[in-house]
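Turn these sequences into a full structure, and let the hints steer you where they fit.
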Amino acid sequence: MSETRIPNQRPALAKSADADLHPTTPKLEPIDDLTSKAGSATSDVMRAPKEEKLVTIKIDIPKSLRKSLRVEAEKRGISVPQLINAVLRDRARS
Amino acid sequence: MPTIAVLSMKGGVGKSTITLGLASVAWERGHRALIVDLDPQANATMGLDVLAPVFTTNDVLADARPGIAVDAVMGTGWAPHIKVLAAERALEHRNINEGRHSALRLRASFASLPRSYDLVLIDCPPSLGELTRNALSAADLAVVVTEPGYFALHGAAQALEAVEIIRGTTNPGLRVATIVINRARPHLAEQQVRINELREAYGSLVSPTVLPERTSVPQAQGAGIPIHAWHSPGAREISELFEDIYDEILPAVNLNARNG
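Chains as they are written, first to last, in this note's numbering: chain R, 1 to 94; chain E, 1001 to 1260.
Careful, some of the hints might be misleading.
[Unchecked claim] Now the stretches of chain E that chain R is said to cover, found in silico as 3 or more residues with beta-carbon under 8 Å:
(1) 1047-1060
(2) 1068-1079
(3) 1087-1096
Since the hints were derived computationally from the structure, they do not count as laboratory data. All C-beta atoms, glycine included, are put in the ideal place defined by N, C-alpha and C.
Dropping the structure here:
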């Protein structure tokens, strides 16, 4: 029994990493930017948002999707977890 | 075989209407047509009775591997010979420069795809961003759409400039097929002045066929059917005018192919 393989078969098209991200969603700012002004006398309006407790979720995703996420995260200048957070947050709002 | 980009820099002048009108002629004549929706508003996609596409032009442009567009081609509610590369809201993410050869991503993703069709129509967004640059870089011909109004005429002029820029950079073979005047109400003096201005400025490049405003057009779009399938006197009138524009564009393409 020999396995029939199609040579040079390319991976199929996948959904882009930002398919569920609303185009008006702003790029996430580094947390440092938000906290830098907290505590100063006149600009406490920039006080850092109350920290939410973080939980860890483990999921299995295709390797190709992880690659797409890395590319997209790099393009936006954020980390992969930040990108996933943004996508999921946008999804949960809509 | 020919790939035609339908564009204007002004929104709301009827780019999707013209795209769907030409697709309707292909539907009526049994020509195999692929409609490529590059407008994140996805109006052409909706007009083709496609409501929940799996893959879209956003995914195709994000990937951009040679020939990958074929994975995203899907059927429409119109007929088996009318196919679509659908759009979605997230396509707006692709309207920015994505690095080297950014304007050639659509062309690369097409590879030999256009050869499978008698006609490929690209519905452009109303902007001069990366989506329009991709459309013009992948097209053989540009159809510029305008209304007979001051702002729309400026939008048409900008579209023609865009064609010139793309000709000088990524696509030397690109030509303007025609300028179509849409949604005309010729009894209005102001509109007649604008139509005359357009003809004086661009001469024979302006189509002799002027499309009047008819309620049957949005009615057919809302129903998700070709204008040729909408049975009303207004729809019949518009259908015939779309056929005139189609015939005006296609002989030029055939002649070009023979010369090439």
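To see whether the hints hold, each was checked on the structure:
Only residues whose C-beta sits within less than 8 Å of a C-beta in chain R count toward coverage, and the region 1047-1060 of chain E has 5 of them, enough to reach three; the restraint holds. Chain R is given as covering the region 1068-1079 of chain E, and this holds because 3 residues of the stretch bring a CB closer than 8 Å to a CB of that chain, at least three being needed. Check result for the region 1087-1096 of chain E against chain R: holds, 5 residues qualifying (beta carbon to beta carbon below 8 Å, three or more required).
Violated hints for the displayed structure: none, as all numbered hints are satisfied.
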